[in-house]
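Take the given structure of chain A and dock chains B and C to it, following the hints.
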Amino acid sequence: MASISDARPPRRTRSRATSEAIAAYGFIAVPMVLFLILNIGSFFYAIYISVWKWNIRSGPEKFLGITNYQNAIADPVFQKAILNTLYYTAIWVPLTMAAGLLLAVVVNQKIRGRTFFRAAFYFPSIASSAAITTLWIFLLAPSGLFNELRGAMGINPFFSLFGFSPTQNWLGDQSTAMNSIIVLNVWTTSGTFMLFYLASLQSISHEVYEAAAIDGAGGWQTFWRITFPLLRPGHYFVATVAVIGGLQLFDQAILSGGVGGDPNNAMMTMVLYLYNAAFRQFNFSYAAAIGLILFAMIFTLTLIQRRFFGQAPSW
Amino acid sequence: MTDVALPRETPAEVRPVGDNGAIWRRRLAYALMIGYALVMFIPFSWSIITSFKTLPDATNMTFIPQPLTLAGWDYAISGLRPSLPVLFLNSTIIATVVTVTNLVLGSIAGYAFARLHFPGRELLFLVVLATLMIPDQLRLVPVYLIMNGLGLTRDVGQYVAVIVVLAIAGTSIFLLRQYFLSIPLDLEEAARIDGAGFFTTFWRVMLPLAGPALAAVAILQFQGTWNSFFWPVVFLQNAGHYTLPIGLLFFRFSGGFATNWPPLMAVVVMATVPIVILYVFFQRYFVEGIAASGVKG
Amino acid sequence: MHRAAVLLVVALFITSCTAGNSASPGGGGSGASGGAKWDPKSISGTVVLSGWQSSPAEGNALTQTLLAFQAAYPNIKVDYQPIAGDYQTAMAAKFASHDVPDVFYVNADYAQQWISDGFLEPLDSYISKSGVDTTQFYDGYASVFKGADGKWFGFPKDGNTIGLAYNSDLVKTPPKTMDELVSMAQSLKGKDGLTAPLCLNPGLDRGLAFLYAQGGELLSSDGKSAAIDSDASKKAIQWYMDLFKDGLGMTASDMGDGWCGDAIGKKHAAMIFEGGWLDPAMQSTYPDVKYAWSPVPTGTSGSPVTISFTVSYSMGADSKNKDAGFVLLSYLTSKEGMTKWTQGGVALPARKDVPVPEGKDVLSQENAYAKPGSGFMKGWTDVQKAFQDAFTAQLQSKTYKADPVIQATKSAIDKALAS
Chain A
1 MASISDARPP RRTRSRATSE AIAAYGFIAV PMVLFLILNI GSFFYAIYIS VWKWNIRSGP
61 EKFLGITNYQ NAIADPVFQK AILNTLYYTA IWVPLTMAAG LLLAVVVNQK IRGRTFFRAA
121 FYFPSIASSA AITTLWIFLL APSGLFNELR GAMGINPFFS LFGFSPTQNW LGDQSTAMNS
181 IIVLNVWTTS GTFMLFYLAS LQSISHEVYE AAAIDGAGGW QTFWRITFPL LRPGHYFVAT
241 VAVIGGLQLF DQAILSGGVG GDPNNAMMTM VLYLYNAAFR QFNFSYAAAI GLILFAMIFT
301 LTLIQRRFFG QAPSW
Chain B
1 MTDVALPRET PAEVRPVGDN GAIWRRRLAY ALMIGYALVM FIPFSWSIIT SFKTLPDATN
61 MTFIPQPLTL AGWDYAISGL RPSLPVLFLN STIIATVVTV TNLVLGSIAG YAFARLHFPG
121 RELLFLVVLA TLMIPDQLRL VPVYLIMNGL GLTRDVGQYV AVIVVLAIAG TSIFLLRQYF
181 LSIPLDLEEA ARIDGAGFFT TFWRVMLPLA GPALAAVAIL QFQGTWNSFF WPVVFLQNAG
241 HYTLPIGLLF FRFSGGFATN WPPLMAVVVM ATVPIVILYV FFQRYFVEGI AASGVKG
Chain C
1 MHRAAVLLVV ALFITSCTAG NSASPGGGGS GASGGAKWDP KSISGTVVLS GWQSSPAEGN
61 ALTQTLLAFQ AAYPNIKVDY QPIAGDYQTA MAAKFASHDV PDVFYVNADY AQQWISDGFL
121 EPLDSYISKS GVDTTQFYDG YASVFKGADG KWFGFPKDGN TIGLAYNSDL VKTPPKTMDE
181 LVSMAQSLKG KDGLTAPLCL NPGLDRGLAF LYAQGGELLS SDGKSAAIDS DASKKAIQWY
241 MDLFKDGLGM TASDMGDGWC GDAIGKKHAA MIFEGGWLDP AMQSTYPDVK YAWSPVPTGT
301 SGSPVTISFT VSYSMGADSK NKDAGFVLLS YLTSKEGMTK WTQGGVALPA RKDVPVPEGK
361 DVLSQENAYA KPGSGFMKGW TDVQKAFQDA FTAQLQSKTY KADPVIQATK SAIDKALAS
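Protein sequences appear in the order of chains A, B and C. Once you know that position 247 of the first sequence is 247 in this note's numbering, the rest is easy, because the numbers rise by one and skip nothing. Once you know that position 105 of the second sequence is 105 in this note's numbering, the rest is easy, because the numbers rise by one and skip nothing. Once you know that position 65 of the third sequence is 65 in this note's numbering, the rest is easy, because the numbers rise by one and skip nothing.
The shape of chain A in the complex, shown without the other chains (with noise of 0.2 Å):
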């Protein structure tokens, strides 16, 4: 069996080393640019404008200093945005990487009719989030699909139990809103996790199984000592594209909750208020300020993951 880690040729000598090197930034070239005019760029443009009170048009008009990021952190709609949006993240990055492992595992095997459950599991995640979310708008209306088909199913009793009212307004109410969007989410996504994962499986080789096997392990001990083991740059990857993702909630909830993050800022999240203060105030600077926070927020947590995932040089 190969080691993972150990990805480390021997004996390298010097020439073989700096042509690997040249060759190794030849190979990143293109990409490197582009994000360090794209991307990088604006980061520091951001930190440069975040200090000032900005005019889009005209420029810098007066140095604030870190005041923007004071009057952020002091704001109670920026703090229940950071709230939401951490809980947010919480529940559906496992929820959906769970469900995204599940269905990969699933449709990787043997079955009947693979290719269809393949296409079937995946469909969900086609779809524009703008349709989709749509969508599960009108389903989840108080009189949508959703709450009709309890209706008659008979099971409104059960729901009765956590004090929702069999006309629940799933999205409109501040107590059910995010959860709502966390199930949407999970069930769109999961097709996406199944295609990051089904793609890590196959790097597995059969011999693996086949040791497996003789050793007399059963499909649960199987999954459990080697197939999750050796998905780790998967999970690594899946998880770090999670979290950058979940914490960038955006799309569904200025969708279901307008600008405003209705109902209540239940539905406000840290990229929603940042286009708030940039493109309904025209506050580039605090907005500047908001996306700096966000990046050291994510920042903070790719670093932990990539201790708690994976060890040099692998992450």
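The set of hints was computed from the structure by calculation and includes no laboratory data. Cβ coordinates follow ideal geometry from the N, Cα and C atoms, glycine included. Incorrect hints may have been included.
[Unchecked claim] Examples of chain C residues lying across from chain A (beta carbon under 10 Å, computed):
hint : residue
1    : Pro-82
2    : Ile-83
3    : Asp-86
4    : Met-91
5    : Ala-96
6    : Asp-117
7    : Gly-203
8    : Asp-318
9    : Phe-376
10   : Asp-389
11   : Ala-393
12   : Gln-396
13   : Thr-399
14   : Tyr-400
[To be verified] Distance windows between CB atoms, simulated:
hint : chain 1 : residue 1 : chain 2 : residue 2 : range
15   : B       : Leu-126   : A       : Lys-53    : 27 to 37 Å
16   : C       : Tyr-80    : A       : Lys-53    : 31 to 41 Å
17   : A       : Gly-113   : C       : Ser-54    : 44 to 54 Å
18   : C       : Asp-192   : A       : Phe-162   : 26 to 36 Å
19   : B       : Tyr-36    : C       : Ser-225   : 53 to 63 Å
20   : A       : Ser-19    : B       : Pro-208   : 22 to 32 Å
21   : B       : Phe-199   : A       : Phe-162   : 52 to 62 Å
22   : C       : Ser-397   : A       : Phe-63    : 35 to 45 Å
23   : A       : Pro-94    : C       : Asp-179   : 54 to 64 Å
24   : B       : Leu-126   : A       : Pro-94    : 21 to 31 Å
25   : A       : Thr-18    : B       : Ile-193   : 15 to 25 Å
Positioned in the frame of chain A, the structure of chains B and C alone reads:
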């Protein structure tokens, strides 16, 4: 469900064949999967049903159009400005170019980050990750200023601007890097001992093994670009350059203050078809990765 | 290696930013040659006109109006470039790059913001040069496009007032007073399959009309301080909230509708408060529902009152072709241009000398006394949000107390006025 955890082509010995309980578990598993699959089709079915409804009927929670009408489709095909073929063509061009650039740039860079050694590798890879952490909303103004400075906010330049912004996603590099990392080193070493250069090793040995990851990147990037809205809407300002999602906006108020659902859904259905075809085409690569290539671990 | 590249990018940015700063903000009348006689027929060039995408009916009306302009001013070519997607986002990029259309829409919501940020061109020098008559605009529409210094930054392109739309099968005689409205709602409650008699918005976008009607005020008469915490205002807001508490009114969202237009169309509600945009939606989506218009009922304030919404045609401080732009702008908002634009019924005229379009008599008659429903103060969207969030919280917790709403709104007003 003992067999659920086992990937494909598990040796038959592990499976308890002939066990009655196992057969029933298997049937139950299938029933659950079919049920779940059907739930997955609800949104799409709903779109199809609505596309055959009249606008007043479209707001009703019913499954059978009353009356059934082709007016939505008719309006979708004839009523869009610019016309549907133009929108399809624009979307296809942009999505195809962006997919190809992501595959090419992403796989080469992903390989370099996974297997080559060079000073600053860790830091530069953090830069790749960091690109995912800056919200597009924050990047809008600086990116627009750069594109405007380069003269890419006018005429055909608008296309170029969209393509340049989407040309390479950090996720593409990241995904391919993680995949290359998990491929055993042996084959690559053999190629190097044969004296193959870095690019030849990548091209002849590693890339053919990367089928599943390339397929995943292709599907995600094509679909993401096909559905993308934010950057196209910022840059594509001549109606002749519009992509499908922008064209769809035309229906938003075409029923007065209310959304004109039937033609909207007709276009949504039509817009979904190319992605489905692409997906079905690429998904077969998910069985042809390293597992099928006979690499000895 | 990468460090150098980063520095390069940073340097590039700083230069590009500072280069952008050199443009002077709001250079008044820079396009017009000083002292020369204004002769619109002799002005030539291409004018870029932008607005958001709208309904086919509006598209046709605009095309007709532009054709008429083209016939009257053959030397000026109009290049109409509608903006898809979020209008403010797209315009932000244009303001930042100093590459703005010559004439464009400005919603009253953010007009004050754009004026104080220096995005818009003051029109006063053009007005005095050209002798355009500005006295025909209804004050409720025109006032929101004037700066703090009284300068004009746009002319209203049209308007809309909020009126009472009622299902004429269920409501035979529309209520004239707020007391009649309440008793009418009580008699309809729980009948005819209605979810609630009234569909109401939990925000000031409609609530302001009720606040005014019931004798309350948002701001003091000089506009310099909050008046939302006066006794009259408190009573008015509590009265509005009690409509929800007593089950007479409900939000569209709680009825399962996207907006109140759907609520009356699906017969979830019998009476709603909307503007002229309801008409095309009802015709296309709910052609079988019979409804009619009536003015907003008179409340304890004793005089008829409602609120109105409007959009202007304005020019940018960085617009390239301002002379030709003003010719187009003043034509579109002239008696002739506005008549062409509004006669199909897309909106109400914002001028007194334009004939009332067919079917718009009730809403038009409200023009005489309507107060601005948005954009009359800086930071209005924040005030609105504070009110709506607090109001929604009261509805959903079923506590129905006006005090927290007033406190939240007052502090938002204080903050907006202080900035």
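Take a look at whether the Cβ-Cβ distance between C:Asp-192 and A:Phe-162 falls inside 26 to 36 Å. 32 Å, holds
Proposed interface contact between C:Asp-117 and chain A, which counts if any beta carbon pair is under 10 Å: The hint holds - C:Asp-117 has a Cβ within 10 Å of chain A, the shortest such distance being about 6 Å.
Is the interface hint satisfied for C:Asp-86? The criterion is a beta-carbon contact with chain A at less than 10 Å. 7 Å, holds
Indicate whether the distance between the beta carbons of A:Pro-94 and C:Asp-179 respects the range 54 to 64 Å. 56 Å, holds
Is 21 to 31 Å respected by the C-beta to C-beta distance linking B:Leu-126 and A:Pro-94? Holds: the Cβ-Cβ distance is about 24 Å, inside 21 to 31 Å.
Go through the hint on C:Thr-399 and say holds or violated, using the shortest Cβ distance to chain A against 10 Å. With Cβ-Cβ at 13 Å, over 10 Å, it is violated.
Given the hint of 15 to 25 Å, check if A:Thr-18 and B:Ile-193 actually sit that far apart at their C-beta atoms. 19 Å, holds
Taking the Cβ atom of A:Ser-19 and the Cβ atom of B:Pro-208, is their distance within the range 22 to 32 Å? Holds, at about 24 Å.
Quick one, is the C:Pro-82 hint okay against chain A at 10 Å, beta carbons? 18 Å, violated
Proposed interface contact between C:Gln-396 and chain A, which counts if any beta carbon pair is under 10 Å: 5 Å, holds
Do the Cβ positions of C:Tyr-80 and A:Lys-53 conform to the proposed distance bound of 31 to 41 Å? For C:Tyr-80 and A:Lys-53 the Cβ distance comes to about 36 Å; the hint holds.
Cβ separation of B:Tyr-36 and C:Ser-225, checked against the hinted range 53 to 63 Å: Taking Cβ atoms as reference, B:Tyr-36 and C:Ser-225 lie about 60 Å apart, which means the hint holds.
Taken one by one, the earlier hints fail for this structure at numbers 1, 2, 9, 13, 14, listed in ascending order.
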